[in-house]
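Asker: Generate the whole structure from the sequences, applying the supplied hints.
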Amino acid sequence: MKAAVITFPGSNCDHDMIYVLRDILGMTVNEIWHKDHDLRQSDLVVLPGGFSYGDYLRSGAIAQFSPVMKEVMEHARRGGYVLGICNGFQILCESGLLPGALLHNDHQKFVCKNVTLRTESKDSHITSNLSEGQLITIPIAHAEGRYYDNADNIRKLNDHDQVLFRYTNDQGIPSVEANPNGSVENIAGITNAKRNVFGMMPHPERAADPNLGNEDGRLILESILALA
Amino acid sequence: MANPDIAPSTLDQAKDLGLLPEEYEKIKVILGRNPNFTELCIYSALWNEHASYKNSIKWLKTLPKKGAHILVEAGEENAGLVDIGGGLACAFKIESHNHPSAIEPYQGAATGVGGINRDIFTMGARPIAQLNSLRFGNPDMDRTKWLVKGVVKGIGDYGNSFGVPVVGGEVQFDDSYNTNPLVNAFSAGIVEVDKTISAVSYGVGNPVYIVGSATGKDGIHGASFASKDITEESSEDLPSVQVGDPFQEKLLLEATLELAQTDAIVGMQDMGAAGLICSSSEMSATKGFGMMIDLDKVPTRQDDMKAFELLLSESQERMLVVVEKGKESVVEAIYDKWDLHAEKIGEVTETGRLHFHKNGIRVADVPAESLVLGGGAPVYEREYKEPAYYKLYQEFDPNSIPVPQSMEEIEQIARFLIGHPNIASKKWVWEQYDSMVGTRNMVTNEPADAALVNIKGTDRGLAMTLDCNSRYVKADPYIGAQIAVAEAARNIVCSGGEPSAITNCLNFGNPYNPESYWQFVNAVKGMGDACARFETPVTGGNVSFYNQSVINGVETPVNPTPTIGMIGLLDKSNKMGLSFKEENHSIFLLGTQTDDLASSEYLYSYHSQKESPAPYFDLNDEVKLQNLIKQLIRNKVIHSAHDVSDGGLVTALLESAMPKEIGFQINSDDNHRIDAFLFGEGQGRIVVSCSPDMDDTLNDLSTSAGVAVFKLGKTTLEKVEIDNNSLGSVREWKAIYENALEKKLS
Numbered sequence: 001m002k003a004a005v006i007t008f009p010g011s012n013c014d015h016d017m018i019y020v021l022r023d024i025l026g027m028t029v030n031e032i033w034h035k036d037h038d039l040r041q042s043d044l045v046v047l048p049g050g051f052s053y054g055d056y057l058r059s060g061a062i063a064q065f066s067p068v069m070k071e072v073m074e075h076a077r078r079g080g081y082v083l084g085i086c087n088g089f090q091i092l093c094e095s096g097l098l099p100g101a102l103l104h105n106d107h108q109k110f111v112c113k114n115v116t117l118r119t120e121s122k123d124s125h126i127t128s129n130l131s132e133g134q135l136i137t138i139p140i141a142h143a144e145g146r147y148y149d150n151a152d153n154i155r156k157l158n159d160h161d162q163v164l165f166r167y168t169n170d171q172g173i174p175s176v177e178a179n180p181n182g183s184v185e186n187i188a189g190i191t192n193a194k195r196n197v198f199g200m201m202p203h204p205e206r207a208a209d210p211n212l213g214n215e216d217g218r219l220i221l222e223s224i225l226a227l228a
Numbered sequence: 001m002a003n004p005d006i007a008p009s010t011l012d013q014a015k016d017l018g019l020l021p022e023e024y025e026k027i028k029v030i031l032g033r034n035p036n037f038t039e040l041c042i043y044s045a046l047w048n049e050h051a052s053y054k055n056s057i058k059w060l061k062t063l064p065k066k067g068a069h070i071l072v073e074a075g076e077e078n079a080g081l082v083d084i085g086g087g088l089a090c091a092f093k094i095e096s097h098n099h100p101s102a103i104e105p106y107q108g109a110a111t112g113v114g115g116i117n118r119d120i121f122t123m124g125a126r127p128i129a130q131l132n133s134l135r136f137g138n139p140d141m142d143r144t145k146w147l148v149k150g151v152v153k154g155i156g157d158y159g160n161s162f163g164v165p166v167v168g169g170e171v172q173f174d175d176s177y178n179t180n181p182l183v184n185a186f187s188a189g190i191v192e193v194d195k196t197i198s199a200v201s202y203g204v205g206n207p208v209y210i211v212g213s214a215t216g217k218d219g220i221h222g223a224s225f226a227s228k229d230i231t232e233e234s235s236e237d238l239p240s241v242q243v244g245d246p247f248q249e250k251l252l253l254e255a256t257l258e259l260a261q262t263d264a265i266v267g268m269q270d271m272g273a274a275g276l277i278c279s280s281s282e283m284s285a286t287k288g289f290g291m292m293i294d295l296d297k298v299p300t301r302q303d304d305m306k307a308f309e310l311l312l313s314e315s316q317e318r319m320l321v322v323v324e325k326g327k328e329s330v331v332e333a334i335y336d337k338w339d340l341h342a343e344k345i346g347e348v349t350e351t352g353r354l355h356f357h358k359n360g361i362r363v364a365d366v367p368a369e370s371l372v373l374g375g376g377a378p379v380y381e382r383e384y385k386e387p388a389y390y391k392l393y394q395e396f397d398p399n400s401i402p403v404p405q406s407m408e409e410i411e412q413i414a415r416f417l418i419g420h421p422n423i424a425s426k427k428w429v430w431e432q433y434d435s436m437v438g439t440r441n442m443v444t445n446e447p448a449d450a451a452l453v454n455i456k457g458t459d460r461g462l463a464m465t466l467d468c469n470s471r472y473v474k475a476d477p478y479i480g481a482q483i484a485v486a487e488a489a490r491n492i493v494c495s496g497g498e499p500s501a502i503t504n505c506l507n508f509g510n511p512y513n514p515e516s517y518w519q520f521v522n523a524v525k526g527m528g529d530a531c532a533r534f535e536t537p538v539t540g541g542n543v544s545f546y547n548q549s550v551i552n553g554v555e556t557p558v559n560p561t562p563t564i565g566m567i568g569l570l571d572k573s574n575k576m577g578l579s580f581k582e583e584n585h586s587i588f589l590l591g592t593q594t595d596d597l598a599s600s601e602y603l604y605s606y607h608s609q610k611e612s613p614a615p616y617f618d619l620n621d622e623v624k625l626q627n628l629i630k631q632l633i634r635n636k637v638i639h640s641a642h643d644v645s646d647g648g649l650v651t652a653l654l655e656s657a658m659p660k661e662i663g664f665q666i667n668s669d670d671n672h673r674i675d676a677f678l679f680g681e682g683q684g685r686i687v688v689s690c691s692p693d694m695d696d697t698l699n700d701l702s703t704s705a706g707v708a709v710f711k712l713g714k715t716t717l718e719k720v721e722i723d724n725n726s727l728g729s730v731r732e733w734k735a736i737y738e739n740a741l742e743k744k745l746s
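Line by line, the protein sequences are chains A and B.
Position 144, counted from 1, in the first sequence is what the numbering used here calls 144; the numbers after and before it change by one each time, with no gaps.
Position 688, counted from 1, in the second sequence is what the numbering used here calls 688; the numbers after and before it change by one each time, with no gaps.
To be clear, the hints were calculated from the coordinates, so they are not data collected in a lab.
Please note: incorrect hints may appear among the correct ones.
Part of the chain A face toward chain B, derived, beta carbon under 7 Å [to be verified]: (1) Pro9; (2) Phe51; (3) Ala61; (4) Lys109; (5) Val111; (6) Cys112; (7) Pro139; (8) Ser223.
Residues of chain A clear of chain B, computed beta-carbon distances all greater than 10 Å [what the hints assert, rightly or not]: (9) His15; (10) Asp16; (11) Met27; (12) Lys35; (13) Asp55; (14) Gly79; (15) His104; (16) Ser128; (17) Ala151; (18) Ile154; (19) Asn158; (20) Ile173; (21) Asn192; (22) Gly213.
In this text, a Cβ means the ideal position worked out from N, Cα and C, and glycines have one as well.
Answerer: Structure, rendered in structure tokens:
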């Protein structure tokens, strides 16, 4: 299992992701610069968090035109796995690899804190280490994380079991108070219809190092290890 | 038309630029002639307070700065550098951005964050953690709300994008900051000891590059005057505050750290205050070299920039880089990879002089050394005098404050304090900062008195904290500054760390006001004595004078605020949190208990008694107490440690109780006033919890350390109880504590 972590100018969670995958989970990781054209036979491509191109214009809007994205799209088209975290999720939506869009948080502020996620999908590789309904604590850190799509498309996501996680309170209820950004139906992460592209606003790589006192993120990332 | 760049200067111009007549004479002596207009601007920019420290350096030199672990001493580089073992060093520094933030809080704070981080990564260190210390006026004022929101958003937007977490800091409110907020930003980075980059220039013929953003007319001090004479039509357009671009800074960071791995760099310095002229003179003066710079090569944002504008511009995200001749292609390739603009603008000369050319004409010719601190820049001794209020404050009589008579009254005071903006949770502020990027923040899931940052791949971490209670410093600058150092050390020790070194940000009023200067002198003395005692040398920092507010029509200096930024080393096996861990643990108060109410938030805000001395403080007892805590942590005796500070004991207990929602049941000490016991801010006290089978060990160790120990009681499932009176559940207190600030600001 080889992973590629892409660095765009302005990515700032690339090192964190590389550290967790390589040093904590022991994976082989290829560090890929956005101007490269070779994914080096990686099984999984990770688009990390950050502020690619300064988030100027719109989060993720410019990164989709980075040279390497051509290869990423091709990789996804062939059924290869792609995971976007935070800004990576925004890039996946901007590039059309995932449906919907991520808008400014409803409160118009950046927010960084631990949130509770409820595992939704019954049949996604990325949640294979988690049981349906399982609650985990994962940090978020974003200003544009309000997942939005029209009612028809949201219905499709639900019907096809494409919602991976929802924000809930500590009782597992997706309440208004537990929704940190105003996302439709408290959606925190989704997958595509082919179930090979994953996007989520919360940062599992920030909850994987025993030094930091929360390893819930490992449950997600270790699911990935079983993919290939 | 005559070339305004080289027009002869006059004494009137010098005065308008803030130079004294004797300073103007001094320039003439240095140059052996009358300076031209550009040269005059150069001296005015570098001999002003901000760059030259001319009114503070005499006293700053008295601070202890030596230590076996100090790799770079104060004043030698952009930031101090401390050995942290394992071949690694920590570069850290604090800086103020008070005045820009008072005018334009968003950009003022953002560019403060940008500037301090550039100081760190210019040394080749990757910034891994930020802290900030913020002071605002009365939170009920609309102006304060506007400032708080702007400053917090500015810090967040810049730092979040740049990708360095804010892991701690402090926010306080006091009327003295109504007009003039304080924005002090701290950053710490780590670097391999032999991979640091120096802010130096040498080697005749080595090329000099300007890198990063183009240069514009932003942030040019003195421009307001100068425009009258030479750029009449554009003066109204000059923004006085610079605009930050964190994306550009992120690219500069990554490119700089790649360059640090090569052998192509002679030296580099970021362009902060006084821009190109400051970096070129400081880099050159260190080793006595000169520079020949062609100002026409500097990439600009605007046409027709004058020589002084190019030299003094404070456009952000720019660096001056001296490259080893022959290795230009290595450097250019790295900047090209990161899409950064790097332009060769000149080269190093042997003359020791800075020569600037424009349109083929030499517009300035000045000795580099004559411009800088420690060189030709003036140094003054200012007079100082004890202010009248000082004696008055000493006369405070605690018996004038009635002792609370009922538990209802105690509860009312506790509610007042826990919901007070100075004590309540600053969650509203710090949730707008990315506190976790970098995956090193060890206090996200287990809060501690200091911020703790993991050094990946080692068994060590860094502890860091910012501290200053300016109420105490105003009451007594000597003791107040000692308390600031002692509290910083206490916070590091309570978190399991070993204090290492400090940086300071000295925010004071007008140095020409003898009473303000008295505060400055005594605060520096107190700080120096405390730092010597804790063996925490001062590695640098910054001085910000002229901080004042107008209150009821009277110009009043802000509370003197010498913010202490301390770092400490952490052996991760000693990491200690502040929260109670489980029910039925014993709770002890360690340290000397007194009847002191002085300068407490209780006295100051609840009783509106503004005039009292600094709280009780004994430096010797403090050292004993901190040594005891280190011993208790190393011997695994305790499960939590939290110092008693703002709000006193009840606040400390509630803060330990809230994270895991574990309550407490305590008894007060009959030998003391109950309000002094519960709400006094006498220094040198720490609340610890331990498993009951450790009670005897804790008592024994405390007694042999010569530290007073008092058993307060025990932890409970969730109930809060004082002297057998129920004060509800921890959850109720937490609701007040967490929501008070947001309510206040909305």
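Asker: Now tell me if each hint is right for this structure.
Answerer: Here is how each hint holds up against the structure:
no.: 1; hint: Pro9; verdict: 6 Å, holds
no.: 2; hint: Phe51; verdict: 4 Å, holds
no.: 3; hint: Ala61; verdict: 14 Å, violated
no.: 4; hint: Lys109; verdict: 6 Å, holds
no.: 5; hint: Val111; verdict: 6 Å, holds
no.: 6; hint: Cys112; verdict: 5 Å, holds
no.: 7; hint: Pro139; verdict: 5 Å, holds
no.: 8; hint: Ser223; verdict: 19 Å, violated
no.: 9; hint: His15; verdict: 8 Å, violated
no.: 10; hint: Asp16; verdict: 4 Å, violated
no.: 11; hint: Met27; verdict: 16 Å, holds
no.: 12; hint: Lys35; verdict: 8 Å, violated
no.: 13; hint: Asp55; verdict: 7 Å, violated
no.: 14; hint: Gly79; verdict: 30 Å, holds
no.: 15; hint: His104; verdict: 13 Å, holds
no.: 16; hint: Ser128; verdict: 24 Å, holds
no.: 17; hint: Ala151; verdict: 31 Å, holds
no.: 18; hint: Ile154; verdict: 28 Å, holds
no.: 19; hint: Asn158; verdict: 30 Å, holds
no.: 20; hint: Ile173; verdict: 18 Å, holds
no.: 21; hint: Asn192; verdict: 27 Å, holds
no.: 22; hint: Gly213; verdict: 4 Å, violated
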